[in-house]
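Using the sequences plus the hints, can you model the full thing?
Residue numbers (our numbering), protein chains in the order written: chain A, 1 to 295; chain B, 1 to 193.
Errors might be hidden in some of the hints.
Short derived list, chain A residues pointing at chain B, Cβ under 7 Å [to be verified]:
id	residue
1	Asn56
2	Gln69
3	His183
4	Thr240
5	Phe248
6	Ala279
Computed list of lysine-lysine pairs in DSS-like fashion (alpha-carbon distance at most 27 Å, straight line) [claimed, not checked]:
id	chain 1	residue 1	chain 2	residue 2
7	B	Lys136	A	Lys103
8	B	Lys52	B	Lys136
9	B	Lys179	A	Lys159
10	B	Lys136	A	Lys55
11	A	Lys166	B	Lys177
Derived from the structure by calculation, the hints contain no laboratory data. Glycine included, C-beta positions come from ideal geometry on N, C-alpha and C.
Listed here are the chains, written in short residue letters.
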Amino acid sequence: MSPHFDKATLVDAVLELIRKTSTQLPRDVIAAMEKGIANEEEGSPAKSVLSFMLKNAIEAETNSTPICQDTGTNIYFITIPVGVSMRMVEDAIIEATKLATKKTYLRPNSVDPVTGVNTGDNTGIMAPFIHFEEGDRPELKIDLALKGGGCENVSDQYKLPDTRLKAGRNLEGVYKCIVDAIHNAQGLGCAPGVVGIGIGGDRASGMIQAKKQLFRKLTDINPNPELAELESKLYTDLNTLGIGPMGFGGNTTVLSVKIGTVHRLPASFFVSISYMCWADRRHSMVMDEKGVRYD
Amino acid sequence: MIELNLPVTEAQIRDLNVGDEVSLNGIMVTGRDTAHTWMIDEKPDEVRELLKGSVLYHCGPVVKHENDEWSFVAAGPTTSIREEPYQGDIIKEYGIRGVMGKGGMGGKTLQALTDHGAVYLHAVGGAATILAQSVKKVHGVIKLEEFGVPEAMWIIEVEGFKAVVTMDSKGHSLHAKIKENSEAVAKKLIGIN
Ligand code: SF4
Chain A
1 MSPHFDKATL VDAVLELIRK TSTQLPRDVI AAMEKGIANE EEGSPAKSVL SFMLKNAIEA
61 ETNSTPICQD TGTNIYFITI PVGVSMRMVE DAIIEATKLA TKKTYLRPNS VDPVTGVNTG
121 DNTGIMAPFI HFEEGDRPEL KIDLALKGGG CENVSDQYKL PDTRLKAGRN LEGVYKCIVD
181 AIHNAQGLGC APGVVGIGIG GDRASGMIQA KKQLFRKLTD INPNPELAEL ESKLYTDLNT
241 LGIGPMGFGG NTTVLSVKIG TVHRLPASFF VSISYMCWAD RRHSMVMDEK GVRYD
Chain B
1 MIELNLPVTE AQIRDLNVGD EVSLNGIMVT GRDTAHTWMI DEKPDEVREL LKGSVLYHCG
61 PVVKHENDEW SFVAAGPTTS IREEPYQGDI IKEYGIRGVM GKGGMGGKTL QALTDHGAVY
121 LHAVGGAATI LAQSVKKVHG VIKLEEFGVP EAMWIIEVEG FKAVVTMDSK GHSLHAKIKE
181 NSEAVAKKLI GIN
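This is the structure:
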């Protein structure tokens, strides 16, 4: 039997999810930042900047204020049980988004590209961005990430082969694209970043897969041993680039690298790179007959 | 950590080097795109006294208005490079000693820093809550009606406002240096030259 969720309860639950996501840096991200602090030299700008970021995150959580004023694109990945209306869930999210903007958990961030008018409540065409999948369990799972403009602007997409990088259509070619992209990003995406990668697909599905990777816990190890090896090699090598927090130099350029794949056409080989800033804001909630749980 | 009490002297600024961490105290002014074009086009006198020897901060704050008083809620830096066409001339015209924002600026600004004795200060992106806490008092606002909240020029008193010198008055840019080094490493990792 499929569970029944009423919309009012769902609106409240999503509002709390938005508040948590905007104001609380996830524990695994805090742990990765702490590891970064330990890896930086005593007295270096890198060390003090990382500590400053963490202090800001703690302060934001205590005061329940946004970690960063750019509360970004609101990205939802939803697993919905059989028999629950997608339209009801979507309506509840839109309502919660408007409320969250009123309560200043979100900054008004949704601009019509033709007229330049800001809707003022973070809703609009494909805003917030919601992706649905149907699941087997009698529960509704909602993952939310807030992704700012600075880091979205340094995200990138490559097409293999790439002559300039001497990159072929294989994992070695993928590696080269990612090194190039993170070098190009410098500190502009508010480094240290979390790098989500989608190998394959078309230009859209590859980037969605890259964004989906951003929901994995930073400690998560890829079940595919080849990809697990590439993730760990990239993590080590990217941190030798010397870009460091905010691009001030140092050993902490990325906090984690996460790779997913999408089956591709024989004719295309895309590498999609989604860069998430240190203010890596993502949380999830699960709702079932018993109530709501947050991660 | 170097304490800088605003307004500062040219000598104090010429002493600073790339990589120095500073803590700012005193009165500075915010300004984004509209403020920059205004200062270039109309050369307004009302900001002269405020900017002389002080810092122009690239910031579009989130503000609160309560009991007739303004306060800063979120005050992180915005990307500075958009002001590259104007910044050098504004430094010269108004005798500014520091420009603050994020991401660094280009060659024209770097030259102006050397010529007129100023530095580029980099604030920490995303640290909106803490930076707003360093803004102790809002003394006033210029062109609020006309420019809107983020673009208006906010006159703020700060205490212990942290930033890093990433471009100094000796022609050094940390951004250029980091990029050059990271490019060398990247090329090696990629296997190209
Ligand atoms: S990229 Fe920087 S400014 Fe933008 S949301 Fe992230 S931390 Fe904030």
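For each hint, the structure was consulted:
no., hint, verdict
1, Asn56, "4 Å, holds"
2, Gln69, "4 Å, holds"
3, His183, "4 Å, holds"
4, Thr240, "6 Å, holds"
5, Phe248, "6 Å, holds"
6, Ala279, "4 Å, holds"
7, B:Lys136 - A:Lys103, "24 Å, holds"
8, B:Lys52 - B:Lys136, "21 Å, holds"
9, B:Lys179 - A:Lys159, "24 Å, holds"
10, B:Lys136 - A:Lys55, "18 Å, holds"
11, A:Lys166 - B:Lys177, "26 Å, holds"
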